[in-house]
Amino acid sequence: MTQPTEPLLPAPPHRRDRSLWLGYAGLCLLAWVLYGVAGTDWQRGGLRAFDALYEATWNLTPAMLLGTLVLPWVRRLQRLAPPWPLRAALHVAAACVFALLWHALDFALSWWFFGPDHAWATLAQQLLWRSAWAVFVYLAIYLGFSGALHARRARDAAVSAAHAESALVRAELAVISGKLNPHFLFNTLNSIHFLMRRDTPAAEQALLGFARMMRYLLDSRRGAADRVPLREELDFVRDYLALESLRLGSRLQVQWSVDDGALDDEIPPLTLQPLVENAIAHGIAPRVAGGTVRIEARRSAGDGTLSLQVADDGAGCDWPPPASRPGGRGVGLHSLMRRFEMDYEGRARLDVSTAPGAGFRVHIVIPQLELHT
Numbered sequence: 001m002t003q004p005t006e007p008l009l010p011a012p013p014h015r016r017d018r019s020l021w022l023g024y025a026g027l028c029l030l031a032w033v034l035y036g037v038a039g040t041d042w043q044r045g046g047l048r049a050f051d052a053l054y055e056a057t058w059n060l061t062p063a064m065l066l067g068t069l070v071l072p073w074v075r076r077l078q079r080l081a082p083p084w085p086l087r088a089a090l091h092v093a094a095a096c097v098f099a100l101l102w103h104a105l106d107f108a109l110s111w112w113f114f115g116p117d118h119a120w121a122t123l124a125q126q127l128l129w130r131s132a133w134a135v136f137v138y139l140a141i142y143l144g145f146s147g148a149l150h151a152r153r154a155r156d157a158a159v160s161a162a163h164a165e166s167a168l169v170r171a172e173l174a175v176i177s178g179k180l181n182p183h184f185l186f187n188t189l190n191s192i193h194f195l196m197r198r199d200t201p202a203a204e205q206a207l208l209g210f211a212r213m214m215r216y217l218l219d220s221r222r223g224a225a226d227r228v229p230l231r232e233e234l235d236f237v238r239d240y241l242a243l244e245s246l247r248l249g250s251r252l253q254v255q256w257s258v259d260d261g262a263l264d265d266e267i268p269p270l271t272l273q274p275l276v277e278n279a280i281a282h283g284i285a286p287r288v289a290g291g292t293v294r295i296e297a298r299r300s301a302g303d304g305t306l307s308l309q310v311a312d313d314g315a316g317c318d319w320p321p322p323a324s325r326p327g328g329r330g331v332g333l334h335s336l337m338r339r340f341e342m343d344y345e346g347r348a349r350l351d352v353s354t355a356p357g358a359g360f361r362v363h364i365v366i367p368q369l370e371l372h373t
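Letter by letter, the sequence shown follows residues 1 to 373 in the working numbering.
Keep in mind that the hints were calculated from the coordinates and are not lab data.
Everything numeric in this text was worked out from a predicted model, so none of it was measured.
Note that CB positions come from ideal geometry on N, CA and C, so glycine has one too.
Hints should not be assumed to be uniformly reliable.
[Unchecked claim] What follows is a list of derived Cβ distance ranges for each label pair:
(1) His150 <-> Pro286: 53 to 59 Å
(2) Thr61 <-> His150: 24 to 30 Å
(3) Trp58 <-> Gly23: 23 to 29 Å
Based on the sequences and whatever the hints tell you, model everything.
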């Protein structure tokens with residue numbers, strides 16, 4: 001059987017920050033190379049290229065180091081979420097601080113390597129243009145980190161929503177798979193009670209069928225990604241129909257059309273029984289004359305899919321049902337629809353065909369390619 005697939009969880013914070021810093025380092029390296037290429041006099045050869053890379057290192061290293069302080073600042077602003085006038089004022093102040101720190105770091109390095117006269121001369125010469133560049137670099141780094149954090153939160157929100165939807169579907173399916181309709185249980189036990197008085201062997205067979213159903217239900221409470229062979233699901237449905245026949249008698253007619261080559265195909269447990277139960281409860285039982293349930297299973301040799309169909313010739317209905325109408329077939333079928341939307345990587349589908357007076361048909365297509373690769 002196919003093993004359950006573990007949900008994709010967000011990476012640990014330190015690993016997620018590592019990818020962010022690697023991206024920042026890559027952009028810094030790219031800026032360094034482009035600065036060096038732009039400042040190279042290619043007609044004068046490799047010496048000028050070395051000088052250009054030296055200038056790139058000297059001019060960009062302070063900004064790159066100061067850029068590492070912008071990420072915690074971005075996180076703090078996003079956490080506080082101040083109103084936009086205050087946010088604009090904070091950005092102006094932060095840009096000024098960024099420029100002052102850049103000047104201070106450059107001044108200190110110039111003093112260290114070349115002496116105070118060179119440091120003061122460089123500061124006076126580059127004060128205006130470097131201040132303008134500092135504002136531009138601060139905004140570029142801020143927008144880059146801010147966009148990356150916003151994208152991460154959006155992705156985390158989408159993953160959380162998908163996990164919540166998956167949990168909701170699993171919860172709804174647990175309700176479907178965890179118990180049979182209480183009316184069915186009551187009617188079955190009541191029918192077996194009457195059989196014990198007039199046909200003990202038939203009552204024993206009914207009890208054995210009922211025990212097999214309970215065993216299948218217990219075995220089926222595994223996980224959303226578990227699979228069972230089609231033959232096991234069909235055996236479960238046959239036991240269910242046999243017990244329903246104790247109550248409905250000749251009012252319930254069943255037509256089978258099952259491809260023997262599809263019996264080993266795997267499907268999610270309790271795929272067919274809720275559909276058959278719906279067909280009987282809403283299409284057959286309400287009619288005095290009863291009706292017919294048709295169950296089909298076909299293997300498509302062309303695209304490697306299993307086609308399942310459960311139909312009844314009952315009254316049918318408008319589909320989808322109005323949101324204001326409680327109960328009915330809607331809840332269980334919508335749960336199964338979401339089950340197949342989220343399972344099989346979206347390759348499975350469940351379609352409903354019905355109209356008032358035209359019966360009710362559910363068609364399921366389940367891919368089976370994995371079984372033959």
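*Violated hints, by number in ascending order, as checked against the structure*: none
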